[in-house]
Every structure is written in C-alpha cells, then in structure tokens.
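*Asks:* Each chain, written out:
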Amino acid sequence: MEDTHMEESEQKLESEVAPALIAIHPNQKFISVSIGSELRVFNLQVSEKRVTSLAISSDGKFLCFADKFGVVYVVDIGDHSCENQAPLSKKAVPILSHYCSIITRLEFSPDGQYIVTADRDFKIRVTVFPKEPLNGAHEIQSFCLGHTDFVSCLAFVHCQDSANQLLVSGSGDSTVRLWDYASGSLLDTCDVGAKAGLLDSIQGQDEILPAVTDLCATPDGSLIAVAIQSLPGILLLKCNLSSRTLSLSKVISVDGEPFIPTSIGASSSVPLLWMVMGASSISQPNNNKDSTALLARVRVLSGFDFNGSDSISHETRVLEDKEVPYSDPLLLELQGKLCIGEEAFSTAAQAVKMSMRNLLIKKHYSAERREVRKKGRNDKKNQTPLS
Amino acid sequence: MLEQESIANHTHSKTTGLPRKRFYRARAHSNPLSDSHFPVPASPAQFDCALHYPQFFPPNKTNGSQKIEFADIGCGFGGLLISLSVLFPDKLMIGMELRDKVTEYVKERVLALRVSNPGQYENVSVVRTNSMKYIPNYFEKGQLTKMFFLFPDPHFKEKNHRRRVISPHLLDEYAYVLRVGGIIYTITDVEELGVWMNACLDGHPLFEAVSESELEADPVVELLSSATEEGQKVARNEGQTFRAVYRRIAASR
Ligand SMILES: C[S@@+](CC[C@H](N)C(=O)[O-])C[C@H]1O[C@@H](n2cnc3c(N)ncnc32)[C@H](O)[C@@H]1O
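In order, the protein sequences belong to chains A and B. Following UniProt numbering, the numbering of the first sequence begins with 1 at its first residue and continues without gaps. Following UniProt numbering, the numbering of the second sequence begins with 1 at its first residue and continues without gaps.
So that you can see chain A by itself, here it is in the shape it has in the complex (with noise of 0.2 angstroms):
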C-alpha cells in the first residue's frame, strides 16, 4: 500500500541494526549479501530500499523482497541471458503483507507453488504464488502456528515424496520446528539452544535466549544446518522424514576465527554450505557510506550433504579461503575487503546480538515506557472526535 511509514517515534527508538543476509540463486548464478541498506549482488543488481528478506522464485523469473513495515514486493526479473537488460528497471509490486509486523524471512516452496513468510508476530504465512503474480497473492494456504517468539528463518525439506510438504523454521524461542505447511501442523520441536549448550551459561539471568538466525537444508532434506546467535560454528540436525521428527546430529565449530554466521545458504546442486557473517555497523551516525566500515565474512562448508548413512562424511569442514570457489575475486567482492580484523567479529557479534533483541525488545515495554512512547505519537493530536 502507498502509505508505508511508521509512526516516527517508533522508528527512531529501533536501532538500524540487522544481520547480513544472503540468497543462493538455484543454479548458484547469482549470490546476494544484504548489509543494512546495502545489497551486493555477484552478477544481479536488484534494490535500493531497506530490505528485510528478499528470494527468487523457484523458475528464476521473480524476484520478492519485503520492506520493513511488513509489505512483500514482486519484481519480474524475467530472463538475465541478455546482459544489457537491467531488471532494476521494472517496478516493484506490493502483492500482499504482514500487518505491520517486520517479516524476517520470505522463501518460495521448492515446487513454486507458495510463498512462504514469517514474522516478528510468531506467524509463519503459506501463501499460493499466483501464475500472474503483479496482481497479487491473496490465497492464504495455511498459518504454521507454535513458536513463542519472533520467527527468524524458514528453509523447506526437500522430499522426493510430494505428499509430505516438510518446512523448518528457527525463532528467537531457541527452537527449530518443523511442519507439515499445507496444513500448517506442527510436528517437532528441537529445543536447539539447549542441544548446543548454550542455555546452562545463562541460566537463571533474564538475559535473551539465543535465538536461531539462520537454517539451510541438504537438498535431500535429511540434514539441516541450523545457526544459532552466540555459536561460534554451526549446529546440524538430522530430520527424519518418515518419522517425522528433528535430532541433533553435530555440532561443527570453524577453528582461527571467532565466526558465528548469521545468514546461511546452498545451491541445490553443490554441496557447500555457504555462510556469512556480518552486520551493518552499531556507531555509523553520520551516515557515512564507507564500505569497509561493514563487515561481511564469508565462509564456505564443505561436504554439506547427507546419503541417508548414520554418519556425516568427513568432508564437513570449513573450508581455508584459498579453497573457496573463485577464492579471491568472490570474497573481494561479498566482503569488501579480503582481510579481516579480529575487533570487526565482536562488532558484528554485538550488532547481531542488537538486532535479536530489537526484535524482541518491543514486545517488553514497561508501563512507563508505553506512556512516553503514547505522548510522543503525533496521531493523538489530531485526532478526530468521532462521539
């Protein structure tokens, strides 16, 4: 809709802090890393505005990304083989959204047919993704219902049985659960921040619980790499498909570096898993555009499949950035710079851990707090009697 703008209040109280954010293009054609209002696109140039989640449909030929207020746009981005044809051209359409709630996570359905989004709300939206998309997505297939805080990340499982529609999603609850989303039944819960131990150092505080930032399947759904705010590496679960259910399968830590990735992918055709992390900067107030002030660390996962054997394979490691595919061009480019210095891993471990509790921090106003917050609307002012 035309009017799109949060009270002004509110958005001075929320911090512009938000994790990196990265998208794999099925045939691994074009990779996107998000920093803040930055978007950096290998070989794809797509948006100028603050993106919150963004995807590709399934066949390539849109593009969806949300805004903060709540509103997922679709862009035709067509066919690319002519490289002189700038998608950035065409409009972007609103087709449908979250009552102002900031959606964390947009994905398409591995056959095309839904559009998937979740919420600061807890909610998880399972919408149809219309042949003619520009006209909107106003067929709501189900709610996937259960998590007790914001949902983060959404990644489907892959079956070669159409029947059994599997989606995982993480939370700032420290759970990944996972659903049957045509229906939106929940069937598991993993209380992952528990699996890593992570809870026992915190036990007892009020502080926030760790919240899952990111998920990515193995293209065969059997093992899901689950990043959790605080864990230094990378959770994996194995998820049953007959049975139904989530386990821990590993925990895999990334040794040199203090690298806790807060936004993960794959292709679906090469077994890596690719990792970044990375946060727009805490202190930047004079808008200061400087690139190298932001971190991206990219890093890559070797081995990121699963053959329905009780063990993974050895080759699930971190793999050194000289092994990195394209090594230095790419990282040149997805992180701006190609060293990076051990301070920027505990600003963007910090700037993570702001942009958790931003989600959340909402929701625990005290009485007083909500009083000011009421007095600095201007709405109130002008309101019109209506008795």
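Bear in mind the hints are in silico, worked out from the structure with no lab data behind them.
Each pair of labels, with its calculated beta carbon distance range:
id : chain 1 : residue 1 : chain 2 : residue 2 : range
1  : A       : Arg357    : B       : Ser226    : 47 to 57 angstroms
2  : B       : Val180    : A       : Asp111    : 22 to 32 angstroms
3  : A       : Pro329    : B       : Ala250    : 44 to 54 angstroms
4  : A       : Asn240    : B       : Ala251    : 28 to 38 angstroms
5  : B       : Asn60     : A       : Val251    : 43 to 53 angstroms
6  : A       : Lys250    : B       : Ala251    : 42 to 52 angstroms
7  : B       : Ala199    : A       : Glu323    : 53 to 63 angstroms
8  : B       : Pro219    : A       : Leu134    : 35 to 45 angstroms
Straight-line alpha carbon distances no greater than 20 angstroms define the calculated SDA-like cross-link-like pairs of lysine to any residue that follow:
id : chain 1 : residue 1 : chain 2 : residue 2
9  : A       : Lys68     : B       : Ser167
10 : B       : Lys159    : A       : Asp67
11 : A       : Lys238    : A       : Asp180
12 : A       : Lys250    : A       : Ala194
13 : B       : Lys141    : A       : Ala182
14 : B       : Lys146    : B       : Val180
15 : B       : Lys159    : A       : Ser101
Model, not experiment: these values are computed from the prediction. Where is the CB? At the ideal position from N, CA and C, for every residue including glycine.
Add chain B with the ligand to chain A, keeping to what the hints say.
*Replies:* Showing chain B with the ligand alone in chain A's frame:
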C-alpha cells in the same frame, strides 16, 4: 467475596443488573498499530472455548467439537452480538475489541444477560485483541461463516488508510478464515469509507457481491444499521449509511 460484590453493585445498575456504560468509558480511538499487551493464543487450538461458552462445553463431556462461526470485528459495546445471539441460538459467536474497558463492558453485559435470562446468551462472548494482527491466532482456515465490520473507525487521512480494518491485504486474511459461501458484512455512515470498503471487496478475487434479492431475504441485514450502539446513534441523527455485503468464493486456478 464481599469486596467483589460491592464493586459489582457500584458499576452495575441496581434495577437491571446490567453494567453501566459510564464506568467503561475509554479513549475514542485506539491505535491498532501499536504493539499489544494482552495475551494472544499461540494458535486456534490454544483458544479455550469452554471458558467462553461453558454451557456448550460441559465438563463431563470430553471434546465438544462446536466452533465459533460468527465474528464481530471491533464490536464496540456489543449490540449486534446480543441481537445475533437470540437470532442464532445454536451458533457460537465472538466479538473482537481493541479497547480494554469496552471489552470489559461487553463481558459484564453478557454475563448479566445470562443470569437474568437463564439458558440464553450462552453462545456469545468477547475477547480483547487487535484483529488486524491476530485473526489467524483465533480462527482456523474456513472456520467462520459470518464476519461483521460495523461502523469501523474511518481514519480519514490518507496517511492513516493503512489503519483501516478493511484493506486489500487484510481481506486476504478474512478470506482465509471465512469458508467458501461465508459472508462479510460491512456498514458505515462515512461515505468515503463506504466507497473504500466497497472498492476493496470488489477488487478482491475471493469475494463477490451478494445480490439485492438475497440481501432482502437475509434477516441479519436489517441488524447492520439497527443493532449496534453506533448504528443507533446514526439512525437517531437520521444519517445515511453505506453497506457492502460480500460472499467468500472459491479461488479460480
Ligand atoms: C466506531 S466503533 C464501532 C463499534 C460497533 N461495531 C458499533 O457499530 O457500535 C469501532 C470499534 O472498533 C474497535 N477497533 C478499532 N480497531 C480495532 C482492531 N484493530 N481490533 C479490534 N477492535 C478494533 C474500536 O475500539 C471501536 O470500539
């Protein structure tokens, strides 16, 4: 116990036992966009129907299966629900209201009516919630057969149109909770809003206008302008009303 009684006596009329409206006054407008501070069921399965309709869910009989079918969105003081309750004694219905005190008033009103009319008004209840955010938390897909939007806040300024309770995107959610054939009733005394609501419904692929002849045969239609407090106010002032009644239709794929 004693204390409770004295409060009840104070806020309720001595002669009728009904709650007195002046003790439940609240700010005229609430901002539906601000975050909520009331409990919301995690999912429709978590909504405790037995609590709202004890007569329909006797404790000895397990899993009563009846579901809420009518929802009055922004029900205000609840006049419509009270009329519908008698007209459809076998259907469960609920009001959704954002304002805390107004919700309390409706609750007290229903409880008082149940006491003074044993066996009646057992099928009506109310929840305090922001319907613009939490409809899917209360109702399953295709659960409702009727939804009501009577005299909703107009939000005149274009900047505030997104606060309107009928909008193209919110209609997607209403279509989700309404079963095919279910009906959405809207009415307003603000012409501009009437035009807007009609245009939103008309432009939506999952709704079609209900014909004039069907409207005449539908006993609910006359309640739209007469049953609610806001409707009665408009009628007293001989104001014009603008109605849009649409049916949920199946998606053409
Ligand atoms: C003008 S009144 C009409 C009340 C009633 N329908 C009638 O006709 O008398 C509109 C009502 O909608 C309520 N309301 C506004 N936005 C709401 C929301 N998002 N969720 C629930 N109720 C809402 C207001 O608190 C108010 O009581």
